[in-house]
Structure formats: structure tokens, C-alpha cells
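S.K.: These are the residues of each chain, in order.
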Amino acid sequence: MRAGSRGMNPAILLLRDWRGGELGVLLAALLLAVSVVVGISAFVNSLQSALISESLRFLAADRVIRSGQSISDEWTARAEVEGLMVAQTLGFPSMAVTESDNLYLASVMAVSSGYPLRGELLSSATPYGEVRSDAGIPKPGEAWLAPRLFALLEAKPGDRVWVGDQALVISGAVRSQPDTASAAFGYGPRLLMNLADIPATGVIQPGSRVTWRLLLAGEADALDAFTQWVTPRLNQGQRLLGVEDSQPSISQTLDRAQGFLLLAGSLGVVLAAAAIALAARRFSERHTDHVAIMKSLGASRQRIARLYGGSLLILGVVATTLGCALGWALQALFFQLFAEQLGVQPGAIGFEPYLIGGATALVCLGFFAWPPLERLAQIPPLRVLRRDVDASDAQRSMDYALGAVSVFALMWWYSGDLKVTGSVVAGLSLTVGAGYFAAQILLRGGRAMGSAAGSVWRLALANLHRRGTANALQMVIFAIAIMLMLVLVMVRGALVDQWQAQLPPGSPNHFMLNITAEERTSLTQFLVERGIESEPQFPMTRGRVMAVNGEELAAADGVQSERRQREANFTYADTLPEANEIIAGEWWDADTDEAQVSLEREFAQRLGANVGDALELRIASESFQARVSSLRESDWQSMKPNFFVIFPKKTLERFPNTFLTSFYLPAEQKALLNELITAFPTVTIIELDIVIAEIRTIIDRVGQAIELVLAVILLAGSLVLIAGVQASVDIRLRESALLRALGAKKSLLLGALLIEFSTLGAFAGLLAVLGAEMAAWALQTQALDLTYQASPWLWPWSILAGVILIGGLGVLSCRKAVVVPPLVVLREL
Amino acid sequence: MPIADGVLEILRGISFEIKQGDTAAIVGVSGSGKSTLLGLLAGLDVASGGDVIIDGQSLAALDEDERAALRAEKVGFVFQSFQLLPALTALENVMLPLELSGNNSALARATGYLERVGLDHRLNHYPSMLSGGEQQRVAIARAFAARPQILFADEPTGNLDKATGDTVIELLFDLNRSEGTTLVLVTHDERLAKRCNQQFVMESGDLEAAH
Chain A
2 MRAGSRGMNP
12 AILLLRDWRG
22 GELGVLLAAL
32 LLAVSVVVGI
42 SAFVNSLQSA
52 LISESLRFLA
62 ADRVIRSGQS
72 ISDEWTARAE
82 VEGLMVAQTL
92 GFPSMAVTES
102 DNLYLASVMA
112 VSSGYPLRGE
122 LLSSATPYGE
132 VRSDAGIPKP
142 GEAWLAPRLF
152 ALLEAKPGDR
162 VWVGDQALVI
172 SGAVRSQPDT
182 ASAAFGYGPR
192 LLMNLADIPA
202 TGVIQPGSRV
212 TWRLLLAGEA
222 DALDAFTQWV
232 TPRLNQGQRL
242 LGVEDSQPSI
252 SQTLDRAQGF
262 LLLAGSLGVV
272 LAAAAIALAA
282 RRFSERHTDH
292 VAIMKSLGAS
302 RQRIARLYGG
312 SLLILGVVAT
322 TLGCALGWAL
332 QALFFQLFAE
342 QLGVQPGAIG
352 FEPYLIGGAT
362 ALVCLGFFAW
372 PPLERLAQIP
382 PLRVLRRDVD
392 ASDAQRSMDY
402 ALGAVSVFAL
412 MWWYSGDLKV
422 TGSVVAGLSL
432 TVGAGYFAAQ
442 ILLRGGRAMG
452 SAAGSVWRLA
462 LANLHRRGTA
472 NALQMVIFAI
482 AIMLMLVLVM
492 VRGALVDQWQ
502 AQLPPGSPNH
512 FMLNITAEER
522 TSLTQFLVER
532 GIESEPQFPM
542 TRGRVMAVNG
552 EELAAADGVQ
562 SERRQREANF
572 TYADTLPEAN
582 EIIAGEWWDA
592 DTDEAQVSLE
602 REFAQRLGAN
612 VGDALELRIA
622 SESFQARVSS
632 LRESDWQSMK
642 PNFFVIFPKK
652 TLERFPNTFL
662 TSFYLPAEQK
672 ALLNELITAF
682 PTVTIIELDI
692 VIAEIRTIID
702 RVGQAIELVL
712 AVILLAGSLV
722 LIAGVQASVD
732 IRLRESALLR
742 ALGAKKSLLL
752 GALLIEFSTL
762 GAFAGLLAVL
772 GAEMAAWALQ
782 TQALDLTYQA
792 SPWLWPWSIL
802 AGVILIGGLG
812 VLSCRKAVVV
822 PPLVVLREL
Chain B
80 MPIADGVLEI
90 LRGISFEIKQ
100 GDTAAIVGVS
110 GSGKSTLLGL
120 LAGLDVASGG
130 DVIIDGQSLA
140 ALDEDERAAL
150 RAEKVGFVFQ
160 SFQLLPALTA
170 LENVMLPLEL
180 SGNNSALARA
190 TGYLERVGLD
200 HRLNHYPSML
210 SGGEQQRVAI
220 ARAFAARPQI
230 LFADEPTGNL
240 DKATGDTVIE
250 LLFDLNRSEG
260 TTLVLVTHDE
270 RLAKRCNQQF
280 VMESGDLEAA
290 H
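For the record, the sequence lines run as chains A and B.
Take the first sequence: its position 392, counted from the start at 1, is 393 in the working numbering, and no numbers get skipped.
Take the second sequence: its position 93, counted from the start at 1, is 172 in the working numbering, and no numbers get skipped.
Simulated from the structure, these hints should not be mistaken for laboratory data.
It cannot be assumed that every hint is accurate.
Unchecked claim - Now the in silico label distances, taken between C-beta atoms and shown as ranges: (1) VAL406(A) to GLU282(B): 51 to 59 angstroms; (2) PHE252(B) to VAL406(A): 18 to 26 angstroms; (3) GLY237(B) to PRO822(A): 19 to 27 angstroms.
The model shown is predicted, which means the values in this text are computed figures rather than measured ones.
Cβ atoms here follow ideal geometry from the backbone N, Cα and C, with glycine treated the same way.
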């Protein structure tokens, strides 16, 4: 319908403004705010739900009860009554013997039908044959061997293998189990068999070292009900495992990544709010005459407020709808990076991201876009006759203060983390507060310098000085945009560095235990000859903590108390091992004669032991005393050997011990393990290569997602810079046109513009890096649990980036002033 | 107007009456207060004292929105700097006051007035695509399209060359005659002033009838 037949309404106003090209930045800023917020928030939600199911894959179930004794049928029955899926596994080390009497200590796992409840069991007909996931589990009377076990036993499919008294036909190869990492029973290669064959093997006797696992899966309510029922029935040797127990090192990585993503989202909100504020202000400035004319033609204040309020509302609805759709697409794009690798479907997103997106639009519109438009209604109609008449400015600082508070609240809601929000706000306050005053001083100083300089500089610096307050404000906004981008670059750097340090390429992916003192040299030689570098060897002795300060601890079994006797691997060291940090007490001198001990923090907590306490310890049948001289924090993510209990060499040396080491074995040299086992038959090898490879790919994927988010935020930052430059273009254009009309050369005007914007950019860059260092420090040390390092190299880059970005954008935006005839410019403004 | 040293009088002792359908010119040098007086007469501004009565309605008794309503109903403007909205076409500029007053035949009426000012071939042109004279003709069409009882024109030829200015003046008076509108002109153009029934001279805030 033609506009004229219905009278003036907000939709018509909006359409006309859109055609005028002034809504572009406002709409883009609003779209960006909503889509970034929705995209990141939906991605994090989706990732969270996906990772929960992903973690459950590592567990092969939703919950697991691990037990040293067989699990009562009552429990299984109860779980089934609750509507849960149930399966059982039994793990134990056992000698596998072939018809030709080849034997090898295998890690046997017997599984019941239904296994695994989560994730996939991959198998093949021959050791390295085609992998399939639909073969179920070995049938009774059959066994599947790990490909390596085929070689070690010199067996082939169809051969028979004995486990205890039971002969099993080898009917396939087990290629991958979801719960490889969490269900390691002994360290040999896997032999998978049916649980129904266990009684016939006769290997399970009272006191055998076996691990029963009851796998449970189903609806959350049913799981919770069963958990509630079973928890009081668990004894000391039984534990209920959930998601958090499946892969702690991955979950911490992802926690930090989520923290980062939410931080990025919060910064996106601030940037978008700044872009919206700038765009709305420019919009309202350009509409001042428009409104004055409408008022002179008889439009009332309410009419103007309704028109602009309505058109803003329409804009908000359009931007929110489009932004939600874009945000959804953004998270889908993010997720694609993960899905392929993790083999998981995107998880549920829920409504929250869209709610947050809508709230962001509402806050941005209400507190940043509306105030300048609302002021339009106050413009006196007299402005049509006298251009110097304008609306009052008194309200502005109040508007911005309200806006700042609301953005703070939004960031808090969004990140769910007061520390993250607080850190960013602290950095912002530093940039804004100190920056604003510094900016004015610097600009005035610049004016004094400029008087003594050539005409281009004089003109540029005079301009900077004349619009001192406006320039200082603009500089602060530039600084905020650059600062937020820098914060993200810094934190991303710290995060990636830490991940890389945690698992650098070539990190040990195999552990060797039970190395005897006599084997140490020959083993090292064996590895060196094959070009394999191994880590230092750690002595290891199995021992038990019996009493703390003379107070006997309860024996292990049948006691509910946390404080009980603990068995652990003891080691000795003269220097503090890598990936350990003393948090209380002191590390000993290498030549100390005193019987001392250093405990891992959590271990000490469970014992109820502190620095200065006397421990009574037992190794084999010998008891001895040692004083706790320090507590340590160990980095369990380091994939390096870690010990709960460490002694000085002289204290532990006299006890018999074996050694432990780790080494990196590339996948293509995997066959070397067979050679190693043949040469050192008593050595136990733990293969962590699959787990480590999995962790590394996940870290890589998270890294990629972070890069993508960073790019989005940089885009948001650029938009703020563009909006910021645009905000002052009109007045600069007008002045440049006047100067040209007065005969100024293009080179003078361009030079002055370049200097003016570059100076603003340089100061903004300086302020930005100052605030960014502050925020990065707070974020890394207080919120994200990372180590902070100042980035002095970033300072010159930040200033340079300010000069190039703002200088370039400024000249580009104002080039019209020197290209288009001055009269045209003056007529248009 | 209160200032640091006391009170600045911009206009004083002004009293005159313009009858329906009359034409009046206010002339004077720059800074004599012509535009201030025009702003007050049209209700764009309020005087610190005194009153303006349009069609029996006292402006002093009205608040800003009531004055806006009065303008919408009874007042039209033509400005020296045309004051067209750059984002709107010629047609939309003329439609604007009609739309603001909720007129249902805005399109037809606006087209009709643009035809009357000879711009029927320029309906969908933006102001930046029009010459100064054409822009002022659009402004005149806009002013008359709302069929005001009184039209205020502030230096309507101030930004135009003589020939174009003459054309615009002819148009303004022609339309004024045919529509029966009261016309109040502010100008320093003697020729233009002489075409009006009444002339007032503004000098340092004082107004004297010259005719």
C-alpha cells in the first residue's frame, strides 16, 4: 500500500531512514550484539550438553558403580525397576594361554549383553580388518583380542585361547572401547569375553584382584532415584562414578574454554553496546533537522517520540529475530568444527540463549539507542530558523551511567561469573577513567607542540584541541574497542600456551612400570638404540600410611570414614619434580638425614595430615616414622608421573623398589612394544596414546572455536571503530569543505585528517593496552586460573594498530571532503 | 532575555494586526530581529511577554504540543534554506505535513500541488538532485498542500538568483491568491516587500508600519 494513504507511521519512517542509509550501522550493531550473544551462548549450551554425553561415552554409561566385590543382584533388579538400562563388566589381569603354550598377561574384560550402554564397541574380524560397530559383544565361548595380543600370542582368528580353565575361540579383534581410559584393569593388552563364561574359568576366587562395574543408563530422574537409593548401601570398596570422573583433564580444558567463550561473548555485548550507542547518537544528530522540520509542520513531542520509539521497536524486533537466526547459524558453524571430531551430535540448546539475546537487544536499545532518540523529541521547532538551537545535553551522562550498569548486569548474567565480569569492568574503568583525563592533557600538550610545527600539524592539532572533549570521548571509545580486542588476544594466547605446555608434541604417551634396578640400564639402552627418548626414571615402592601423630587410622575395609589407612606408590626425589608446586612447608635439602615426607594436597587432606605432623608408614612389614615437611599441588593434567607421597632419597632408598618411566612412541612405531615386552617380560606398559591423542584433538578443536569467536569479536570491535569514526565525520567534512572553499590544498586537508585521526589512534592504542593488561591480569589470575605474563611486545603493536586502524578509517571516511566539490558537501550536510 | 549585565531586549513594543487573506512583509537589516519575530508569530518560540493571536487563539495560552497542533492545522512555512528532508523524495517531502495530520489523500494532494508548481516530472527526485529554485518550489508546494490559513515565509528568495527568485515569488503570490491564504514574509528584498499589502520595517527590535 502506498505510504500516503495511511498517514505517517513508524514503519514508513523506518523504511525512509533505511533508504537514507543511516540505519545501516545501527542495525548492523544490533544484529551483531544479538547474534554474537545468541551464537556463543547457544554454542556453549550445546557444547555442554554434547560434552556431557561425550564424557558419558568415556564411561560407557551415564553412571557406573565400581566395586571390588561382585555386585548384588538386588541392585541390578532395583535399577531395572527404576527403568534403567543395566550392564555389567568384570575386569582382571589374567594369563592368556594358547594351544601352542604361548602365554601372555592380558587385561581381561568380561562383559554382559547390552555393553556398552553409551558409546560404541568397535571390533573387526581380523586383527587389523575392517572396523564395525554392530557386532555386539563376544558370544559365550568366544573371545576378542586386542590386535597386539594376536602378535604376542602368535594367534589367529579361529584359534583357541585359555583364560583359567575355560577355552575360548578367538572370533575377532577388539579395536576400540569407549571406556578404555576409565576401565583399565591391569595394564596388559585387552582380551574381551562374555561375562557368562566367567564361572567356568574358575579364576575368580575370594580375594582375587578384580573390578566389577555396574553400568547404568537412562532418564535423569530414574538415575537420581537409583543413586539416592544406592548411595547409603555403598561400602568402602565401592564407588559411584559420574561424568566428572570420566575424563578430568578434558573437562578442565573445556571448562576454561567455556570460560573464555563466555568472556568473549560478554566483550561482544560491550562492543555491540558501544557500537549501538555511537550509531544511535549519530542517527539522532542527523535527524535533528528532520525532527525540527516535522515539529514546525505540526508534529507534537509525543508524536515524534512515538514515531521514533515505534521505529526503534520495529528495528529491535527485526534485529532480534534475524540475530537469533544468525546466532543459531553461528553456533551450528562452531559445532561443525567439533562434531566431526567428537562424533557427537549437537546437544540441546534450550531457550536461554534466545532469552539472553532478546534481553541484550532490549538493554542495548533501551539504554543506548533510545536516549539520544528520545532527546530528538525535545528539539525546539525554532531550529528551522536558528541552527544553533539544540536539545539539552544534561541527561547524557546519566544515560550512559545507566547503560554501563545495565551492561554490567548483562555481562554478569551472561558469563555467570562475577570475577570474569569484574575483571573486564576493572580494565574498562581504568581505560575510561584514567584515560579520559589523560586524553585531555595529552591533547592539550599536543596543541602546544603543534603551534611550533608546520601548517599541516598546526591544523591537525588545532582541530584536536578545539574539539577536546568530543575527541577525548571518541578516543576513549576507540580505546575500549581496542582494549577488548587485546584482552581477548592476550587471554587466548595464555590459554593456548598453557594447553600446548600441558601436552607439547612428543609428550610421553606410554608408561612403563615394574622396572627392576638391574633392568634400568639395559632398558634405557634398548630405547636409545631405537631412537626413543625416555623421561627420567622414578623409583616406586608400594606402601601404606598407618597413623597420623600417633593416632591409628582405621583399616581400609568396612569403614565409612574418609580418614583411613591409605595405600599409595611412594617415591623419593632430591629435587621437587616437574609439574609440582609447594603450597605449604619447605622442600628438603638433598643431603638431609631426617625422615621427612612431602604429601600431595588432596591426599594429605584425606589423611587429615598437615605440615609438622608425624606419619607412621609401613612398607612390606617394616614400619617407620616421617615428619610431613611440605604439601604439594600436583598438575594431574601434565601426563607426567605424579606421586602422592615423596621422601628424601636417604629415607626410602633402603627399601626394595622398582622404577617407573614414560616415553613417547609415535603411532608408526607401535610394533616396537612387542619387541620391548619380549625383551623385558616383567615390565608393565600402560598405553595412553589413544587417550592423549583424543585429548589433543579436542584441545585443537576448542582452539579453532576460540579463533572463530575471536574473529567475530574483532569484527564487532571494527564495527565500533567504524561507528566511532563515522560519528565525527559530518563535522569534519563540513570544516574540510569550508577550508577547501577557502583555498586549502587537498594535501593539507588529507595530511591534517591523517594526523588528527592517527594521533587519536595512537593515544587510544596506548590507553587500550593499559586497560587490557589490567583486565588480562585480573582475568588470568582471578577468574580463569591461568598464569599472567605481561605482554610488553604488545604495547608498540597496540599503538601502531590504533594509528593504522583509526588513521586509515578516518581518512577513508572523510576522503569525500577532498574528492567531492566543496559545494556538494556543504549542500548535503 | 536575561543576560549577565541585566536584560537584553530583542523585540519591544510591537503590536500589529494582519487580516485573513492579507499579505504582509517584514523588512529589515540582518540582526534587526526579523527572524525572531517570525519564530514568535508562528509559535515556534515563546515570548517572555506579550501574546500572538492566530485566528482568535492566543499562543501564550498554549503549551508546545498545543502550538504544534495549531501549526499542523493552520500554519505553513517556506524557509530561506528550503528545509527539505534529504532522505525523502520531492513527493514525500510534500506529503510529510499531510501524513503528520493523518490526511487520507496525502498522495493525490501532494502530486496535485507539485503539478501546480511545475514539478510533476520531478516527483521522485531527491532534494540533492534538484536545483535551488526547484527545491524552493517543492517547499512552496509542501507549504500550500496542508492548506494553511497563514503562511510564513522566511527570506524565501534569499538563497536564489534573481531570475529564479522572481519565478518563485510569482508562484508564491499566485498560490496565495488562489488559496486565499494569509501571507507573512520576512525579507530584505524591497521588490518582494512592495508586492505585499502591508509592510513593516524592523529596526533594532522596533517595528514600524511603512505603509
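S.K.: Now, for every hint given, state plainly whether the structure supports it.
M.R.: So, going through the hints one by one against the coordinates:
Between VAL406(A) and GLU282(B) the CB atoms are about 55 angstroms apart, so this pair conforms to the stated range of 51 to 59 angstroms. For PHE252(B) paired with VAL406(A), a C-beta distance near 59 angstroms fails the hint of 18 to 26 angstroms. Here the CB-CB span from GLY237(B) to PRO822(A) is close to 22 angstroms, well matched to the stated 19 to 27 angstroms.
In summary, the one numbered hint that this structure violates is 2.
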